[in-house]
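**Student:** Put together the whole structure using the sequences plus the hints.
Residue numbers (the working numbering), protein chains in the order written: chain A, 5 to 336; chain B, 5 to 336.
Wrong hints could be hidden among the right ones.
The list treats identical chains as interchangeable, and a pair is accepted whether it falls inside one copy or across any two copies.
[Stated by the list, open to error] Below 30 Å or equal to it, Euclidean Cα-Cα: the simulated DSS-like pairs (lysine-lysine) are:
#	residue 1	residue 2
1	K70	K287
2	K43	K193
3	K124	K209
4	K320	K70
5	K243	K320
6	K22	K46
7	K193	K320
8	K233	K209
9	K192	K209
10	K46	K287
11	K287	K192
12	K243	K192
What the hints contain is simulated information worked out from the structure, not anything from laboratory work.
For reference, the chains in residue letters:
2 protein chains.
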Amino acid sequence: MHKTTQSPLTRMLLENPKQYVSGEMISQQLGISRTAVWKQIKKLESIGYEIEAVTKLGYRLLYYPKAIDHLQIEQQLQGHRLGNVIHHYDVVDSTQVIAKQLAEEGATEGTVVLAEQQVKGKGRLGRHWHSPYAKGIWMSVILRPQIPIQLAPQLTLLTAVALCRAMRTYSGLEIGIKWPNDLLYQGKKLSGILLESSAEDQMLKYVIAGIGIDANLSANDYDEQLALKATSLRLLMGKEIDRTELIQLFLTEWELIMEIYERSGFRPIAELWEAHAISLGQKLSLTTPTETFMGTPLRLTDAGSIIVQLEDGTEKEIYSAEMGEVTSNSRL
Amino acid sequence: MHKTTQSPLTRMLLENPKQYVSGEMISQQLGISRTAVWKQIKKLESIGYEIEAVTKLGYRLLYYPKAIDHLQIEQQLQGHRLGNVIHHYDVVDSTQVIAKQLAEEGATEGTVVLAEQQVKGKGRLGRHWHSPYAKGIWMSVILRPQIPIQLAPQLTLLTAVALCRAMRTYSGLEIGIKWPNDLLYQGKKLSGILLESSAEDQMLKYVIAGIGIDANLSANDYDEQLALKATSLRLLMGKEIDRTELIQLFLTEWELIMEIYERSGFRPIAELWEAHAISLGQKLSLTTPTETFMGTPLRLTDAGSIIVQLEDGTEKEIYSAEMGEVTSNSRL
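**Tutor:** What follows is the structure in C-alpha cells.
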C-alpha cells in the first residue's frame with residue numbers, strides 16, 4: 005500500500021507550499037542536525053517528492069505524489085470485466101511476476117496488480133523498465149481470452165489501441181503507436197506494453213498484460229540517455245497526472261475495445277490501430293531475431309503481423325521486429 | 005531414480021521364471037506370515053510387477069519392469085540438441101510442472117524430464133493422464149524455438165509427426181495421427197502430446213512438450229472405460245517394449261524433423277503430417293470451445309489449423325477442437 009504517514013518534515017514543507025523553508029529552521033524545530041535534515045530530504049526524494057534546495061534560502065517543495073486510489077477504481081468498475089480486483093503494492097520486483105503467480109493460482113480475468121515502484125521492472129526483449137516510486141503507472145492485468153494461440157498478437161495490438169485512445173482522451177495530445185506496442189509523442193516514448201502469454205496446445209490459457217506509463221516522471225527521473233527517447237505526460241502537459249483517473253479511463257476503454265473485438269473480430273481493431281499508428285509508410289530499419297534490414301511498413305495482416313516493403317519493392321511479412329529510426333518522413 | 009534393490013521375495017520369483025512358487029514355501033523361506041507374503045506381492049504389483057496368483061499353485065512372475073537407462077540415452081545423444089541432459093525421477097506429480105520450473109530457471113533446449121510414475125499427469129484440456137509405475141514413457145522436453153507465437157501450433161504437429169514415425173519404426177504398426185496430436189492404432193489411443201507454450205509479445209520464450217506413451221501397460225492397467233479407447237504397444241506387439249530404445253529413437257527422429265522444418269519450413273512437415281493422419285476425409289463431430297458440429301476435416305493450413313467441410317458444403321477454419329467418433333469411413 006502507498007505510504008501515507010507524514011513525517012514532521014513533510015508537514016513543514018506541505019504547510020509552506022512553493023516557499024523556501026530554511027534548513028536552519030527545520031533543524032531547530034525538529035531538534036536534529038543539518039545533516040539529518042538533508043538525509044530526510046533525500047529520503048523524501050526517493051519516494052517521489054521533488055524538493056528544490058537553494059543555498060541560503062533553504063528547501064522548497066515543488067511536487068509530492070498523490071497515491072493511486074485503487075479502492076475508488078475497484079468501486080467504479082464493480083461488475084466490470086477489468087479492474088474490479090486490484091492488488092496494490094508499494095515496492096515489488098515486477099508486477100508481471102506477481103500477476104503470473106496469481107494467474108497460475110487461478111485469479112480471475114481482469115485482476116490488476118499495481119505497484120508504486122518496481123525494482124526489476126520488465127520491458128520487452130529482457131530489457132529493464134525504469135519504474136521510479138509513485139511517479140508512474142506500473143501495472144499488470146490478467147486476461148483469460150478464449151482464443152487460439154495464433155491470435156495472441158491481435159491482443160497486443162488491441163491493448164495498444166485502447167491505451168493510446170485513453171491517453172489521447174486524458175491528455176488531448178496526438179499520441180501515436182509505434183509497431184507493435186510502444187506509445188510515442190513527437191518521437192519520445194511515453195508508454196510500453198508487454199504481453200506474456202501462456203498456452204496449452206492451440207488455446208491461450210492466460211495472458212499477463214504489462215503496462216508501463218510515464219505519468220508523473222520529472223526531468224530528473226530520466227538520465228541523459230533516457231531523456232533523448234522518453235518523456236512523461238506530466239512533462240508534456242505541464243501539470244500533474246491523476247493516475248487514478250487515467251487507470252480507470254484506460255481499463256474502461258480497453259474493455260470497450262475488447263467487446264468490439266469479440267463482437268466484430270479483428271478488422272475494426274486493425275483499422276483503429278492503423279489510424280493511430282505512426283510507424284506506417286515510413287522507411288526505417290527493422291531488426292528481427294535473425295537480421296536487420298531497411299523497409300517501409302505498409303499495413304497490418306489479420307494475424308497481427310506487418311507487411312513491409314523492402315528496398316527492392318518486394319513485400320515481406322514480419323512477425324516480430326524492433327523498429328529503428330525513421331530515415332525518411334515521406335508518407336506513401 | 006528407478007528402484008533397483010531386490011527383495012528376497014523378488015529374487016525367489018526371478019529365480020523361478022514362468023513357474024509357480026507356493027505361498028507356503030515363500031512364507032517358510034522368508035520366515036513371514038502368508039498375509040505378509042500377500043502384502044509384499046501387492047507392493048511389487050504397485051511398482052509394475054505382474055504376478056499371477058493361482059490357488060494351490062502359488063505365485064508366478066509374468067512380467068517385471070526394466071528401468072529406463074537414461075545414462076545410455078544421454079551418452080548416445082551427446083552433442084545432439086535433444087536429450088543430452090535427462091532428469092530421471094521416480095514418482096512426481098507431473099513432469100510438465102518440473103520441466104516448466106527448469107525452463108523458467110534457464111534450462112537449455114532439449115533438457116528432458118522423465119518419471120517412472122506421475123501422480124497428477126497432465127492431459128489435454130485439464131484432463132488427467134493415467135501414468136502407472138514403470139510401465140510407460142512419461143516425459144517432458146524443453147524446447148526454445150526461435151519462432152513467432154503464431155507458429156506454435158506447427159510445433160505441435162511437427163512433434164506428432166516425429167513421434168508417430170518413431171513408433172511406427174519401432175513397432176512396424178501403421179500408427180496414425182488424429183488431429184491435432186493423438187496417436188492411435190485401430191481407433192485406440194497409444195500416445196498423447198501436450199505442448200505448453202510461454203511467449204513474450206510475438207516471440208515464443210519456451211515450449212514444454214509433454215509426451216505420454218503407453219509402452220508396457222498391461223490389460224490390468226486399464227479400467228473398463230479406458231480399455232475401450234486406449235491400448236499399449238506391449239499389448240499390440242505381444243512383447244515387452246524397450247523404453248530406453250524407443251525414447252532414443254523418438255528424440256533422434258524429432259531432431260531430424262526439426263531440422264527439416266528449420267531448413268525448408270512447414271510445408272514438408274504438413275505433407276508428412278497429412279500422410280500419417282487418420283482424421284482427414286472422415287465425417288465426424290467437432291467440439292470447439294464454443295460449439296459442436298459435424299464436419300469433414302480436409303487439410304492443414306500453414307498456420308497449423310485445419311480446414312473442415314461442413315454439412316452444407318462450405319469450408320471452415322478450425323484452430324482448436326476435439327474430434328469425436330467417425331460416423332462415415334468413406335475417404336473423400
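**Student:** Each hint needs a verdict: does it hold in this structure or not?
**Tutor:** Status of the hints after comparison with the structure:
no., hint, verdict
1, K70 - K287, "neither (42 Å within a copy, 63 Å between copies)"
2, K43 - K193, "neither (33 Å within a copy, 70 Å between copies)"
3, K124 - K209, "both (25 Å within a copy, 19 Å between copies)"
4, K320 - K70, "neither (48 Å within a copy, 53 Å between copies)"
5, K243 - K320, "neither (44 Å within a copy, 53 Å between copies)"
6, K22 - K46, "within (18 Å within a copy, 83 Å between copies)"
7, K193 - K320, "within (27 Å within a copy, 42 Å between copies)"
8, K233 - K209, "between (35 Å within a copy, 27 Å between copies)"
9, K192 - K209, "between (34 Å within a copy, 28 Å between copies)"
10, K46 - K287, "neither (46 Å within a copy, 73 Å between copies)"
11, K287 - K192, "within (18 Å within a copy, 56 Å between copies)"
12, K243 - K192, "within (18 Å within a copy, 69 Å between copies)"
When the structure is compared with the earlier hints, violations turn up for hints 1, 2, 4, 5 and 10 and for no others.
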